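For the protein sequence lines, the chains are A and B, in the order given.
Mapping of the first sequence onto full-length UniProt numbering: position 23 corresponds to residue 23, and the numbering continues sequentially without gaps.
Mapping of the second sequence onto full-length UniProt numbering: position 257 corresponds to residue 257, and the numbering continues sequentially without gaps.
It should be emphasised that the hints constitute simulated quantities derived from the structure, not laboratory data.
Owing to the predicted nature of the structure, the values given are computational and were not obtained by experimental measurement.
Every residue gets a Cβ at the ideal spot worked out from N, C-alpha and C, and that includes glycine.
There's no promise every hint is true.
[Said to hold, decoys possible] Listed below are the simulated BS3-like cross-link pairs for lysine-lysine, each with C-alpha atoms no more than 25 Å apart in a straight line:
#1 B:Lys403 with A:Lys317
#2 B:Lys423 with B:Lys436
#3 B:Lys389 with B:Lys423
#4 A:Lys317 with B:Lys400
#5 B:Lys423 with B:Lys400
#6 B:Lys403 with B:Lys389
[To be verified] Not the full set, but computed from the structure, chain A residues with beta-carbon under 7 Å of chain B:
#7 Phe56
#8 Lys113
#9 Ile134
#10 Ala139
#11 Ser171
#12 Leu174
#13 Gly178
#14 Ala230
#15 Gln232
#16 Gln262
#17 Ala263
#18 Leu266
#19 Glu268
#20 Gly269
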Amino acid sequence: MAAAARFLLRSASSKGAVSNVSGGVHSCLGVSLVKLYPSGSSTSKSQRRNVSHFTFQPDPETTKYGPTQKMNLFQSVTSALDNTLATDPTAVIFGEDVAFGGVFRCTVGLRDKYGKDRVFNTPLCEQGIVGFGIGVAVAGATAIAEIQFADYIYPAFDQIVNEAAKYRYRSGNLFNCGNLTIRAPWGCVGHGSLYHSQSPEAFFAHCPGIKIAIPRGPVQAKGLLLSCIADQNPCIFFEPKILYRAAVDQVPTEPYTIPLSQAEILQEGSDVTLVAWGTQVHVMREVATMAQEKLGVSCELIDLQTILPWDTDTVCKFDSAQKAVK
Amino acid sequence: MAAVRGVGRLLRIGCYATRQTPVLTTPRFLQQRRFRVNGVQCQQPFDSTAEKPQFPGASAEFIDHLEFIKPNVISGIPVYRVMDRQGQIINPSEDPQLSKETVLNFYQKMTLLNTMDRILYESQRQGRISFYMTNYGEEGTHIGSAAALDPGDLVFGQYREAGVLMYRGFPLDLFMAQCYANADDLGKGRQMPVHYGSKDLNFVTISSPLATQIPQAAGAAYALKRENENRAVICYFGEGAASEGDAHAGFNFSATLECPLIFFCRNNGYAISTPTNEQYRGDGIAARGPGYGMMSIRVDGNDVFAVYNATKEARRRAVAENQPFLIEAMTYRIGHHSTSDDSSAYRSVDEVNYWDKQDHPISRLRHYMSARSWWGEEEERAWRKQSRKLVMEAFEKAEKRLKPKPDLLFSDVYQEMTPNLEKQKEAMWRHVHQYKEHYPVDLYDK
Ligand SMILES: Cc1ncc(C[n+]2csc(CCOP(=O)(O)OP(=O)(O)O)c2C)c(N)n1
Ligand SMILES: [Mg+2]
């Protein structure tokens with residue numbers, strides 16, 4: 001829905017072919033988009049019909065990391081960013097429209113809490129955002145760059161692939177931008193169409209030097225994002241935007257990390273291995289159940305979590321591979 | 001669409017009401033908007049009674065006749081210089097009054113760079129190194145700007161700024177090691193010649209993709225500003241690279257985010273074979289500064305004092321005022337673009353000769369020194385001999401050195417060695433041992 005809100009923003013002034021005008025204009029005014037999300041009552045039946053089907057399955061609550069709070073995915077991202085700004089005085093967060101809280105509300109309140117020099121808008125220019133972030137990181141500070149939609153990451157492709165990924169290598173480890181994390185809302189929601197739905201991780205998956213992580217829910221989002229921020233390599237963190245509100249977990253309020261490059265086996269199985277990440281994990285959960293019920297096939301389900309460098313050991317371990325062959 | 005207009009009207013009324021009679025029953029969020037939204041300052045208040053444009057994106061006057069703005073309102077941005085072509089100070093108040101020692105150091109660095117260029121260019125011709133790019137004719141831009149900076153200032157270069165690094169004290173041995181990609185190369189032999197870098201000297205390693213360093217310099221300057229230690233960033237680039245989107249990004253980001261940054265454009269007339277009149281239509285690169293809200297100046301790049309003065313002042317103000325400055329140094333690329341280029345295919349020998357013989361930064365400084373009897377034929381002869389010897393010694397040493405150890409192919413991809421890279425490394429060594437007749441491992445560092 002926020003995707004639509006943003007989308008409307010762009011079309012509202014020129015074309016006027018919009019169905020939810022107040023949404024666009026409200027967001028323009030910097031008023032929270034909270035009311036406008038699909039979980040709210042404003043979503044009509046016809047809109048819901050187009051949303052891809054899956055059932056979010058929350059993770060069991062863990063007390064390993066101290067007290068928890070009910071958070072949806074965007075709130076868990078905010079919590080991770082909040083923890084980072086609180087503990088790392090060099091950390092800065094920037095991108096298009098992040099100052100007022102971001103079009104997906106991931107940075108709400110952070111500017112007021114930490115100051116306008118730490119949470120700020122940039123001009124509308126993705127290659128600039130990533131290039132700027134690399135420079136911040138090269139100078140030794142922590143850079144958290146937001147690309148407003150994963151669909152718009154392509155202007156920054158050169159800065160990511162030719163620059164960020166190769167900084168350490170090409171300088172013989174004299175310089176690096178390991179303190180850079182690029183966040184981007186990712187995947188479809190159901191009404192984003194061609195340019196608010198893309199999952200561009202494959203374009204980056206063959207680029208040594210960067211890491212890519214995609215969470216399946218709020219608990220993973222916070223843990224993986226904090227790992228990306230702490231990791232001394234440039235990371236891309238794609239956030240499934242359909243889960244921003246639809247997914248709610250009990251999330252630890254204190255900082256914690258979930259290791260990168262480690263897949264998680266969500267379900268043991270003996271016939272077939274299913275590998276998924278992000279939203280698709282939830283689809284696969286259902287698939288595994290259906291396969292069992294309708295075909296009598298036992299599926300192992302793996303959440304890859306990190307796309308690069310991915311956990312070959314878990315995915316290709318002897319028995320998994322054997323299952324896959326079957 | 002009607003709803004859009006409706007809300008728009010509401011918004012205007014709201015703001016008007018806030019200004020005039022705040023007690024009206026305007027929705028609260030609209031009232032607040034004028035002053036603060038989540039801590040963000042908003043545009044200036046609207047005032048429809050004044051006959052002035054109220055658009056948030058511009059502030060100027062209305063006019064009532066149709067008129068396009070001409071690109072060159074003035075007859076070109078003037079070129080600041082301190083010395084004329086004979087090395088005489090034009091306006092004494094602009095003389096930087098540098099000590100004899102400093103000026104001699106300028107001269108020696110400019111000529112040492114020149115000597116290193118000659119030897120490395122030749123060595124490429126002889127097949128000893130793979131590639132080279134000379135700095136002929138641009139020595140003044142390098143030394144003049146480098147001298148005006150603090151050693152702690154961070155440099156983001158393009159590739160034709162070896163003199164900046166030389167001025168900071170990068171030893172000849174390390175220049176040579178990089179060009180030879182030998183075991184002493186700080187970059188571990190991973191890049192083509194002239195891609196130098198030095199952490200100790202705050203010179204960020206050069207990368208081949210053009211203009212990528214420009215937005216990066218803005219980010220680094222922003223981080224340095226937050227550190228509050230009076231450091232600045234300087235970012236060098238060619239007039240060709242200035243056409244890249246990244247240049248626009250860097251200019252706009254540094255201006256809006258108020259970064260202590262000096263953009264230093266070496267306008268040397270060519271981007272490989274492309275002359276400036278096919279590179280841009282406006283008045284060079286300096287003319288773009290005002291469009292970004294940036295302080296700008298054009299200097300004679302062959303006048304090392306003009307470059308020095310402009311950079312010094314830009315540096316001082318960039319740090320004091322937290323804003324970027326744009327310096328366009330007009331110069332001429334006397335050498336071919338690189339050893340892969342033959343410039344006779346696109347420019348005349350006469351043209352090159354003019355700059356080499358009539359308007360060269362080194363001869364201009366030489367004139368200046370001679371006029372003060374600081375430097376004569378004898379000093380020149382002795383220095384030529386000495387500098388050539390220094391370069392040759394470093395050159396021969398570099399040639400004899402082993403190549404970097406092959407394991408370095410796999411390190412630094414990530415900060416840590418990942419399992420798949422570890423596997424690839426093992427596979428490489430198995431392969432190399434199996435076919436050792438094809439791999440002269442003795443030439444490589446162990
Ligand atoms: C993105 C990119 N495009 C093309 C090239 C190939 N290339 C290398 S240098 C050069 C010309 C650059 O000219 P200019 O910026 O004026 O610098 P100069 O060589 O004159 O110092 C070109 C086209 C490159 N390195 N990177
Ligand atoms: Mg040029």
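Task: Violated hints, by number in ascending order, as checked against the structure - done: Hints 1, 3, 4, 5, 7, 8, 14, 16, 17, 18, 19 and 20 contradicted; others consistent.
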